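A.B. asks: Take the given structure of chain D and dock chains A and L to it, following the hints.
Protein chains in written order, with the numbering used here: chain D, 3 to 191; chain A, 2 to 603; chain L, 510 to 853.
Heads up, a few of these hints could be off.
As the list claims (entries may be wrong) - Distance condition first, Cα-Cα at most 27 Å in a straight line; then the derived BS3-like pairs of lysine-lysine: (1) A:K48 - L:K818; (2) A:K524 - A:K190; (3) D:K15 - A:K48; (4) L:K750 - L:K853; (5) D:K15 - A:K463; (6) L:K853 - L:K761; (7) A:K463 - A:K48; (8) D:K157 - D:K15; (9) L:K818 - L:K853.
The hints are simulated quantities; they were obtained by calculation from the structure and are not laboratory data. Source: prediction; values computed, not measured.
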Amino acid sequence: MNHDTSLGLDSRKMAFWAFIGSECLLFGSLIGTYLVYKGRSVVGPYPHDILNIPFTSVSTFDLLMSSLMMVLALAAVQRNDMRWARIWLFSTALLGMLFLGGQVYEFTSFVHEGLTLQRNLFGATFFVLTGTHGAHVSVGVLWLLTLWWRALRGKLTSANAMTVEITGLYWHFVDVIWIVIFTVVYLIQ
Amino acid sequence: MSETRGWKSWVTTTDHKRIGQLYFYTALAFFLLGGLEALLIRIQLAKPENSFVTAETYDQLFTMHGTTMVFLALMPLSAAFFNYIVPLQIGARDVAFPRLNAFSYWVFLLGGLLLNSSWLVGPLFHAGMLNVAPDGGWFGYANLTERQFSPGVNIDFWVLSLQILGISSLAAGFNFIVTILNLRAPGMKMMRLPVFSWMTLVTSFIIITAFPVITVGLVFLLFDRFFGTHFYLPSAGGDPVLWQHLFWLFGHPEVYILILPAMGIVSEVLPTFARKPLFGYPVVVYSGVLIGFMGWGVWSHHMFAVGLGPVADSVFGATTMLIAIPTGVKIFNWIATLWGGQIRGATALYFAVGFIAMFIIGGLSGVSHAVPPADLQQTDTYYVVAHIHYVLFGGTVLGLFAGIYYWWPKMTGRLLSEPLGKLHFWLTFVGMNLAFFPMHLIGLLGMPRRIYTYSPDLGVAKLNLLSTVGAMIIGASVLVFAYNLWRTRRHGAVAGNDPWQGATLEWATTSPPPVYNFTAIPKVETRLPLWRTEHHAAMAALPATPPEPVHVPGGSWWPLVTACGLPVLALAPLTHTLWLAFVGVAILLAGIYRWAFEPFEA
Amino acid sequence: MLFPDDARTLDAVPLYRSRRWLILSALTVLGCGGPFPQSTLAPMSGYARDIDGLFGTVFKFMLIVFVVVEVLLLFTIFRHRQRPGAAEPRHTHGHTVLEIAWTIAPALILVFVAVPTIQTIFRTQAPAPAGALNVRVVAHQWWWEYRYPDLGVVTANELHVPVGRTVDLELTSADVIHSFWAPRLFGKRDVIPGHTNHIIFAADSTGDYLGQCVEFCGVSHANMRLRVLVDSDSGFAAWAKAQAATPAAPAKNSVEQRGQEAFRRYACIGCHTVAGVSAGTIGPDLTHVASRTTIAGGMLPTAAAMLQKWIENPQAVKPGALMPRMGVTPDDLTALVAYLQSLK
Numbered sequence: 003m004n005h006d007t008s009l010g011l012d013s014r015k016m017a018f019w020a021f022i023g024s025e026c027l028l029f030g031s032l033i034g035t036y037l038v039y040k041g042r043s044v045v046g047p048y049p050h051d052i053l054n055i056p057f058t059s060v061s062t063f064d065l066l067m068s069s070l071m072m073v074l075a076l077a078a079v080q081r082n083d084m085r086w087a088r089i090w091l092f093s094t095a096l097l098g099m100l101f102l103g104g105q106v107y108e109f110t111s112f113v114h115e116g117l118t119l120q121r122n123l124f125g126a127t128f129f130v131l132t133g134t135h136g137a138h139v140s141v142g143v144l145w146l147l148t149l150w151w152r153a154l155r156g157k158l159t160s161a162n163a164m165t166v167e168i169t170g171l172y173w174h175f176v177d178v179i180w181i182v183i184f185t186v187v188y189l190i191q
Numbered sequence: 002m003s004e005t006r007g008w009k010s011w012v013t014t015t016d017h018k019r020i021g022q023l024y025f026y027t028a029l030a031f032f033l034l035g036g037l038e039a040l041l042i043r044i045q046l047a048k049p050e051n052s053f054v055t056a057e058t059y060d061q062l063f064t065m066h067g068t069t070m071v072f073l074a075l076m077p078l079s080a081a082f083f084n085y086i087v088p089l090q091i092g093a094r095d096v097a098f099p100r101l102n103a104f105s106y107w108v109f110l111l112g113g114l115l116l117n118s119s120w121l122v123g124p125l126f127h128a129g130m131l132n133v134a135p136d137g138g139w140f141g142y143a144n145l146t147e148r149q150f151s152p153g154v155n156i157d158f159w160v161l162s163l164q165i166l167g168i169s170s171l172a173a174g175f176n177f178i179v180t181i182l183n184l185r186a187p188g189m190k191m192m193r194l195p196v197f198s199w200m201t202l203v204t205s206f207i208i209i210t211a212f213p214v215i216t217v218g219l220v221f222l223l224f225d226r227f228f229g230t231h232f233y234l235p236s237a238g239g240d241p242v243l244w245q246h247l248f249w250l251f252g253h254p255e256v257y258i259l260i261l262p263a264m265g266i267v268s269e270v271l272p273t274f275a276r277k278p279l280f281g282y283p284v285v286v287y288s289g290v291l292i293g294f295m296g297w298g299v300w301s302h303h304m305f306a307v308g309l310g311p312v313a314d315s316v317f318g319a320t321t322m323l324i325a326i327p328t329g330v331k332i333f334n335w336i337a338t339l340w341g342g343q344i345r346g347a348t349a350l351y352f353a354v355g356f357i358a359m360f361i362i363g364g365l366s367g368v369s370h371a372v373p374p375a376d377l378q379q380t381d382t383y384y385v386v387a388h389i390h391y392v393l394f395g396g397t398v399l400g401l402f403a404g405i406y407y408w409w410p411k412m413t414g415r416l417l418s419e420p421l422g423k424l425h426f427w428l429t430f431v432g433m434n435l436a437f438f439p440m441h442l443i444g445l446l447g448m449p450r451r452i453y454t455y456s457p458d459l460g461v462a463k464l465n466l467l468s469t470v471g472a473m474i475i476g477a478s479v480l481v482f483a484y485n486l487w488r489t490r491r492h493g494a495v496a497g498n499d500p501w502q503g504a505t506l507e508w509a510t511t512s513p514p515p516v517y518n519f520t521a522i523p524k525v526e527t528r529l530p531l532w533r534t535e536h537h538a539a540m541a542a543l544p545a546t547p548p549e550p551v552h553v554p555g556g557s558w559w560p561l562v563t564a565c566g567l568p569v570l571a572l573a574p575l576t577h578t579l580w581l582a583f584v585g586v587a588i589l590l591a592g593i594y595r596w597a598f599e600p601f602e603a
Numbered sequence: 510m511l512f513p514d515d516a517r518t519l520d521a522v523p524l525y526r527s528r529r530w531l532i533l534s535a536l537t538v539l540g541c542g543g544p545f546p547q548s549t550l551a552p553m554s555g556y557a558r559d560i561d562g563l564f565g566t567v568f569k570f571m572l573i574v575f576v577v578v579e580v581l582l583l584f585t586i587f588r589h590r591q592r593p594g595a596a597e598p599r600h601t602h603g604h605t606v607l608e609i610a611w612t613i614a615p616a617l618i619l620v621f622v623a624v625p626t627i628q629t630i631f632r633t634q635a636p637a638p639a640g641a642l643n644v645r646v647v648a649h650q651w652w653w654e655y656r657y658p659d660l661g662v663v664t665a666n667e668l669h670v671p672v673g674r675t676v677d678l679e680l681t682s683a684d685v686i687h688s689f690w691a692p693r694l695f696g697k698r699d700v701i702p703g704h705t706n707h708i709i710f711a712a713d714s715t716g717d718y719l720g721q722c723v724e725f726c727g728v729s730h731a732n733m734r735l736r737v738l739v740d741s742d743s744g745f746a747a748w749a750k751a752q753a754a755t756p757a758a759p760a761k762n763s764v765e766q767r768g769q770e771a772f773r774r775y776a777c778i779g780c781h782t783v784a785g786v787s788a789g790t791i792g793p794d795l796t797h798v799a800s801r802t803t804i805a806g807g808m809l810p811t812a813a814a815m816l817q818k819w820i821e822n823p824q825a826v827k828p829g830a831l832m833p834r835m836g837v838t839p840d841d842l843t844a845l846v847a848y849l850q851s852l853k
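The following block holds chain D by itself, in its conformation from the complex (with noise of 0.2 Å):
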């Protein structure tokens, strides 16, 4: 397969690549959009009455840690220790659970505020970017999940190390479009 006229990747993590290219453009045109229509909210709650840096900074830190765990469980897919592949899995999904679980807290208490998506321009460009980076998520937890269960079956081994790193990838652009969030939505208000 690999000779002198392919470039020498794995042509699914190469398809990869190209799918994380093709993200950054979805994330940019919201993140654009988000910016284009800061501050034109007609009415309240405005970015300031509402974020919480504290907690989202938690769980922030949360998503980097899965980050962590993730490596970690590729490494140890890569050295064929199943054992800790599994429980390295297992973090970095819990992460990514708590992770989600902090959103769906947080989008409920700024619905209690009175943050809707119908509220304001604010509230949509919010809801529907930090949701589709919440979407991703879940997709990504789903997948840890699913590759976990098959390490539980001992259908999962370092033959399969390819399949984990393009999950790493994921979940790492995941992680690193969530610091550019955090940083556009959050701490630049």
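C.D. replies: Showing chains A and L alone in chain D's frame:
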């Protein structure tokens, strides 16, 4: 395991050649439908104040004509050639992800059917037939497309179908990028890659970067229509112009998605029939790449009338003019390719030369739109309709026809009839010029586009009648073409491996190729492997039978199953039925799971 | 001659006269003699002439490039067509000097296009000079509302402006995106809800200029027409004075008075303004409807039969029209039409 005959073998196929054929015939069917819509439009406009169709019907016709031709006819016809030809040109056994390829096709088919079902399902939505098809234009400008001004399901059909079709294009984009970068035969360096494959690569990159932008634009519109957000509603601070930016950020690169494959085809056909290598190969390739990049910096030239201010108008006017340079360079290189050749007048060459001749007109009128003040008199008039049809019909469609006459023998093993082909060409050529040239004048004389009726005072009645006659001639030409295809499948002359003495690898194998494409993977030493050049002999013929057994992956149901999840999911908002969303997601997840873990390669 | 009053314009601009005659002779050959009241090629204001001149420059280059390249293409395929027994063609792969030449040539042409383009952009989008007549144009599905804040005039579909004076049109929309265009006087400008755009122009000579909406705005987009009536200074002053006046009340027991009652009874007052009678703002101001030459967004002439036709069934005239069928009885209809016709 895979079957080779019967309907099951087709719905589970992962063979790029079969998928290419599915794309080909499906796109051709949609092309006929879009053409029929065009004829109805032209009949309505044949005279002023005509009442052949109602205003409501007319709006659906022009919306569906544009949407169908762009997303269901021209892009998929290009995709048919990506599928069939690219793996052959690069000396591969299949695309990188055969099942993803099948998935792309099924999603395209289902998206196209969902969109067009809107013609018939009116009664399900308490409306008549022919009443709920999309009617907001292929460009779907907000805030007209908001629930307040378009309360029916018409726009819902449009938004949801476009989202589905976008998934198909994205999947194909990833697939062909990897295929071309990773599956080339030994020795096929990037600068030995045939230009058509190069343009496929550039197009794929444009697809994966442009479609996410329209996806986001459509998501906002969906949320506005279904969940009461105000993305494009000025009453709450939203701005309908945001839609225009998102739409044209996608829409202008989309134009290059439509034209670059045709340019690639022409760059294959001209050298073959002039019996000379393409003049300035690297320049043609790089100018294509450059057009792909520059396509991102010009979107606002669709919005000169919006009032973005003199600075933005000047910048976007200038960047748009710059695109004329690589385009002009391509045209000069094509003419230089013909110069000094022994030009054989096959139908494919006729269409390729017709492409150049007509594309020049479309390109030149394009320069006049790049001049913002002139554009203020031209945009949204028939002058622009003339321009896009010289580019997309004179350009893309003629280019695709050249490709069909060129590669049909490879796909079927039989040659299309040349006399019928010539008749098809001349009817098309005369018809399109009669149909579209007068539109320049109609526009300059002040007739706006997208109007179902016009006043006799404008003085454009005879020009419109002329245009309608031209459209009918195009219609007749398509009948000749369809007859040629139908007749040839059984009675055409047998083509042999290489009827045109082509230079690229697809001509090294049999017509049609075996399921594994090549008995042995060819070793490539020049850019024109099948031609004898100054320094290289032509490539030796491939063995008649594979020297070692070739592994061919089997078929799979899961691409089709997964694809079915999408229209089911789309039906949920369309019919306001929540459980359908769960069913759709369940089908998607189950399909993906089975797909991911089925022993496909074994 | 395109238009009788066009002589001066045509002679003043020899630069692009050739193009106009080219197009006109093409049209004559086709048997379409005109007149072309919505033509972009017969400019009647400085703004429109500026654009036309620029298009003329571009068109000249387009024509030259078109002829050169098409002739080259045809000559090439004729000269190098296959001849029996000819040797295989020599394989040439490229030529650096040629590549550079045909990159630079179009670039040079584009410089000659770009410079006047940018100059024209800034000239035609300059802010209005002091003393310009301000008119607020509000687009509605599917009609145009005009407000002259300095003159206290409100009217619809037919825009009156004085000849020679700079007019600053301030464009806003009440619903969706429209585009305002009367090609002989100015290039189009989109009318976007939430935005305020401007068209600034001064008409050369008096007359009646056609235009229409050019951004797809729904079912009756095709029926959203307009007219610009360029009046002499005195004519405009007289028109403005008459428009600002409140119409006299109809005589007691006259058919017009019955019409006015019907106007109230059928809830016309909910949507239409007639000064002194009602203050609706959803439909056009009817205070001086009979002084306008057309009704229904420029579709029908203002005649009794047409008014009747419109009121009886607006959707039959203009699909999707927002004005409902009020079920006016024949008697009331006659009176209503008489009343409207009295609103001069």
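A.B. asks: Next, verify each hint and record whether it holds.
C.D. replies: Verification of the hints:
Our distance criterion of 27 Å between C-alpha atoms is met by K48 (chain A) and K818 (chain L), whose separation comes to about 23 Å. Distance restraint check for K524 (chain A) and K190 (chain A): the Cα-Cα separation of roughly 11 Å lies within the 27 Å cut-off, and the hinted pair is therefore satisfied. For the hint pairing K15 (chain D) with K48 (chain A), the CA-to-CA distance comes to about 58 Å; that exceeds 27 Å, so the pair is violated. This hinted pair checks out: K750 (chain L) and K853 (chain L) have alpha carbons roughly 12 Å apart, not beyond 27 Å.
For a cut-off of 27 Å, the pair hint linking K15 (chain D) to K463 (chain A) is broken: about 59 Å separates their Cα positions. Distance restraint check for K853 (chain L) and K761 (chain L): the Cα-Cα separation of roughly 18 Å lies within the 27 Å cut-off, and the hinted pair is therefore satisfied. The hinted pair formed by K463 (chain A) and K48 (chain A) meets the criterion: a straight-line CA distance of about 8 Å does not exceed 27 Å. Of the supplied pair hints, the one linking K157 (chain D) and K15 (chain D) holds, its CA atoms being roughly 21 Å apart against a limit of 27 Å.
For the given pair, K818 (chain L) sits about 20 Å from K853 (chain L) by alpha-carbon distance, which is consistent with the 27 Å threshold.
Violated hints, in rising order: 3 and 5; the structure is consistent with all others.
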